[in-house]
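K.L.:
Here is what each chain is made of, one letter per residue.
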Amino acid sequence: MAEVVLRDVCKRYGSYNAVDNVNLTIRDKEFVVLVGPSGCGKSTTLRMIAGLEDISDGTITIGDQTVNDLPPRERDIAMVFQNYALYQHMTVYDNLAFGLRNRKVPEDKIKAEIDRAVDILGLRDLLKRKPRELSGGQQQRVALGRCIVRHAKVFLFDEPLSNLDAKLRAHMRLELKRLHRRVETTAIYVTHDQVEAMTLGDRVVVMNNSRIEQVGTPWEIYAHPRTRFVASFIGSPAMNFLDGRVRSNGSGFHVETPGGTFHVSDANATGLAGHDGRDVTVGLRPEHIRLSETKAENALHGRIELTEQLGAEQLVEVVAEESRIMVSRVEAERDLKPGTPVYLTVEPGQLRYFDRETEQRLA
Amino acid sequence: MPTVAADRQPASRGAIPATRRRSRLIGERLNFQIGLILPSVLVLLLFQVVPIFIGTDASFRRWTLYDPDKTWVGLEHYRYVLSDTNFLFTVLPNTFLLMVGSVGLSLALGMAVALLLHRGFAAQRLVQTVVLLPLMIGPVIASTMMRWTFNDQFGVVNAFLGWLGLGQPAWLADRWYAFGVIVFTDVWIWTPWFGLLLLAGLKSLPKEPFEAAALDAAGRWRTFTHITVPMLRPVIGVCVVIRAIDCFRTFDQVWLLTGGGPARSTEVFSIYVYMEAFQNLNFARGSAAAVIGTLIIMVAGLALYALINRFMDVSR
Chain A
1 MAEVVLRDVC KRYGSYNAVD NVNLTIRDKE FVVLVGPSGC GKSTTLRMIA
51 GLEDISDGTI TIGDQTVNDL PPRERDIAMV FQNYALYQHM TVYDNLAFGL
101 RNRKVPEDKI KAEIDRAVDI LGLRDLLKRK PRELSGGQQQ RVALGRCIVR
151 HAKVFLFDEP LSNLDAKLRA HMRLELKRLH RRVETTAIYV THDQVEAMTL
201 GDRVVVMNNS RIEQVGTPWE IYAHPRTRFV ASFIGSPAMN FLDGRVRSNG
251 SGFHVETPGG TFHVSDANAT GLAGHDGRDV TVGLRPEHIR LSETKAENAL
301 HGRIELTEQL GAEQLVEVVA EESRIMVSRV EAERDLKPGT PVYLTVEPGQ
351 LRYFDRETEQ RLA
Chain B
1 MPTVAADRQP ASRGAIPATR RRSRLIGERL NFQIGLILPS VLVLLLFQVV
51 PIFIGTDASF RRWTLYDPDK TWVGLEHYRY VLSDTNFLFT VLPNTFLLMV
101 GSVGLSLALG MAVALLLHRG FAAQRLVQTV VLLPLMIGPV IASTMMRWTF
151 NDQFGVVNAF LGWLGLGQPA WLADRWYAFG VIVFTDVWIW TPWFGLLLLA
201 GLKSLPKEPF EAAALDAAGR WRTFTHITVP MLRPVIGVCV VIRAIDCFRT
251 FDQVWLLTGG GPARSTEVFS IYVYMEAFQN LNFARGSAAA VIGTLIIMVA
301 GLALYALINR FMDVSR
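Respectively, the protein sequence lines represent chains A and B. As numbered in our numbering, residues 1 to 363 make up the first sequence, in order. As numbered in our numbering, residues 1 to 316 make up the second sequence, in order.
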């Protein structure tokens, strides 16, 4: 059981900064997900915690011990790799036992630990098999088992579900969540899949370009993205962005965009104060947009370009002036033809404003 | 899908039916394939298969210069070879000792070289080139070099031992010293070969199991015995089997270093065959010995491969 603290952690390859000044505290028993596009530094960060990469600068502490110079085996951590990294020549039992045997744990204790782990993971019938005789999901469970038997202080996961098909991935996601509730260990999980990040994490760390963009609960990340990048990365379909300009009208603000004008809510107004006349980016989540075929106040006007029928809802792409706007949660049974003129409205409180230059949220 | 379309066309007058056309196509492809392998098949037949048949046939006859009839004598030569105490108690033990000693040592040293080169260090390129040098020298030259290195009067080794104030043995005049020099030479020649192939094997291994082992608290030695070696098993197996079979027919090193001497005490299988066939001019007896050797090495090779597969499957 341990807290993991990263202080000013950097990883440099020559002049390239793979991880740039990362500061992060992961509390005891917390499940934290690092999420971001490929090459954002999330896997490197994880591998530095594991001790598989040197730390160029900064310190990492696990529990109350600085681990910068400790080899992986002395850090008391367990890791699940993307391709599982099982020992192909060993049986499932020996795969689970290997780490304990290396630590000179007596065989009867090893057996007891493995018994407990196989009950949690449902691996009982597979103990004598070799990894190549197992399905992807089963191999994944063996890799998890390797962590459970160890009672490691911290569990690290490096994109563990990305080699599974969509259905199995959803299933294993639930199992992981259940497992964490049962085993209660500090867990750090790396993924590029925002759905995994949102569903699994107690807190989510969004990374981009070697830096942390935002740390917060899934809801905070979704509802109050601090940068345009976070807003665009989290949420599916992705947030729509329109270029606009702030205008003050005495009592409040509105933002003019080529497709129409948005009234700024009181909550957002504080962020826009002092930005009169400045260029901003307006963010609208597809699920917050209402689409109607009759003219409405404060609405964007456009034409339907495409519709995607998902059964439970429709996704509609609307072209307004030069912007393409995705609208989701449109009733599935509505008969919408491409080319139909439509009006899009959004509650002013649902809009998010970002500085065009710094891409920081104005709020 | 032009072929499907072509097949659907009605077989009009003068057109070839689709099935016949397809069989002609297959026939053409087959001819082409046969044409490609024919030259090598012919060479193999002429220089391998035919001599094997002639040799095997000879081993059942009195195939000597004074018997133009080449009288059929059945298993007489086999009986002779298999009851020859020199063959049974010197030649075969020598052959297998050389095989085990040379293959074992060059595998161990080759593995050490491969691990060293795999870790990477400052002068790695230079070391890599130096280590590979013996491979570029022909066995004949290497053996001649070694004969002079171990020469009891002018050799470097004895000069060095003399400088240290140690005894200066007549290396090639004593059975076990001479045998030691043969093994040493063979190991010297073949270590780079093992090193190179094992290094290629090491480089092709995925790195994740090693990282997992590092997190699993496996020390260097346990990682080597429990992860590296089992994962390299296919490479090790193939190397050992190829080299063991090759070692069984070692000729040049032994011939140049000791000529089988002193007093036939370092004679190995191929020297024995050569002596019988070309020194004693008893081709039939030589052939019989060669056939026996072939059978032995076939069985030994298969057994070795099975053994390696079983024993290398480390799981504890």
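Hint data in this document are derived by calculation from the structure and do not stem from the laboratory. Remember, it's a predicted structure, so these values are computed and weren't measured experimentally. Just so you know, not all the hints are guaranteed correct.
Restraint-style ranges between C-beta atoms, simulated for each label pair [as the list claims (entries may be wrong)]: (1) B:Gly-219 / A:Tyr-13: 26 to 36 Å; (2) B:Arg-220 / A:Gly-136: 23 to 33 Å; (3) B:Ile-141 / A:Tyr-13: 54 to 64 Å; (4) B:Val-299 / A:Lys-128: 50 to 60 Å; (5) B:Ile-26 / A:Asn-83: 33 to 43 Å; (6) A:Glu-313 / B:Arg-119: 49 to 59 Å; (7) B:Gln-153 / A:Tyr-13: 32 to 42 Å; (8) A:Gln-65 / B:Gly-162: 56 to 66 Å; (9) A:Gln-65 / B:Trp-221: 21 to 31 Å; (10) B:Trp-221 / A:Ala-223: 48 to 58 Å; (11) B:Arg-119 / A:Asn-83: 20 to 30 Å; (12) A:Asp-115 / B:Leu-302: 39 to 49 Å.
Using N, Cα and C, we set each Cβ at its ideal position, and we do this for glycine too.
K.L.:
Give a verdict on every hint.
P.N.:
Okay, the hints, checked on the actual structure:
Range check, B:Gly-219 to A:Tyr-13: about 29 Å between beta-carbon atoms, so the 26 to 36 Å window is met. Taking 23 to 33 Å as the suggested C-beta distance range, the pair B:Arg-220 and A:Gly-136 conforms, at roughly 31 Å. Look at B:Ile-141 against A:Tyr-13: about 46 Å separates their beta carbons, and that is not inside 54 to 64 Å. Look at B:Val-299 against A:Lys-128: about 32 Å separates their beta carbons, and that is not inside 50 to 60 Å.
Checked against the hint of 33 to 43 Å, the C-beta distance between B:Ile-26 and A:Asn-83 comes to roughly 42 Å, which is consistent with it. Checked against the hint of 49 to 59 Å, the pair A:Glu-313 and B:Arg-119 passes, with Cβ atoms roughly 57 Å apart. For the hinted restraint 32 to 42 Å between B:Gln-153 and A:Tyr-13, the CB-CB distance of approximately 59 Å leaves it violated. For the pair A:Gln-65 and B:Gly-162, the beta carbons lie near 59 Å from each other, so the given range of 56 to 66 Å is met.
Distance hint for A:Gln-65 and B:Trp-221: a CB-CB separation of about 26 Å, consistent with the stated range 21 to 31 Å. B:Trp-221 and A:Ala-223 have their C-beta atoms about 54 Å apart, which keeps the hinted 48 to 58 Å range intact. Restraint check, B:Arg-119 to A:Asn-83: a C-beta distance of roughly 24 Å satisfies the suggested window 20 to 30 Å. Between A:Asp-115 and B:Leu-302 the Cβ separation comes to about 41 Å, which falls inside the hinted range of 39 to 49 Å.
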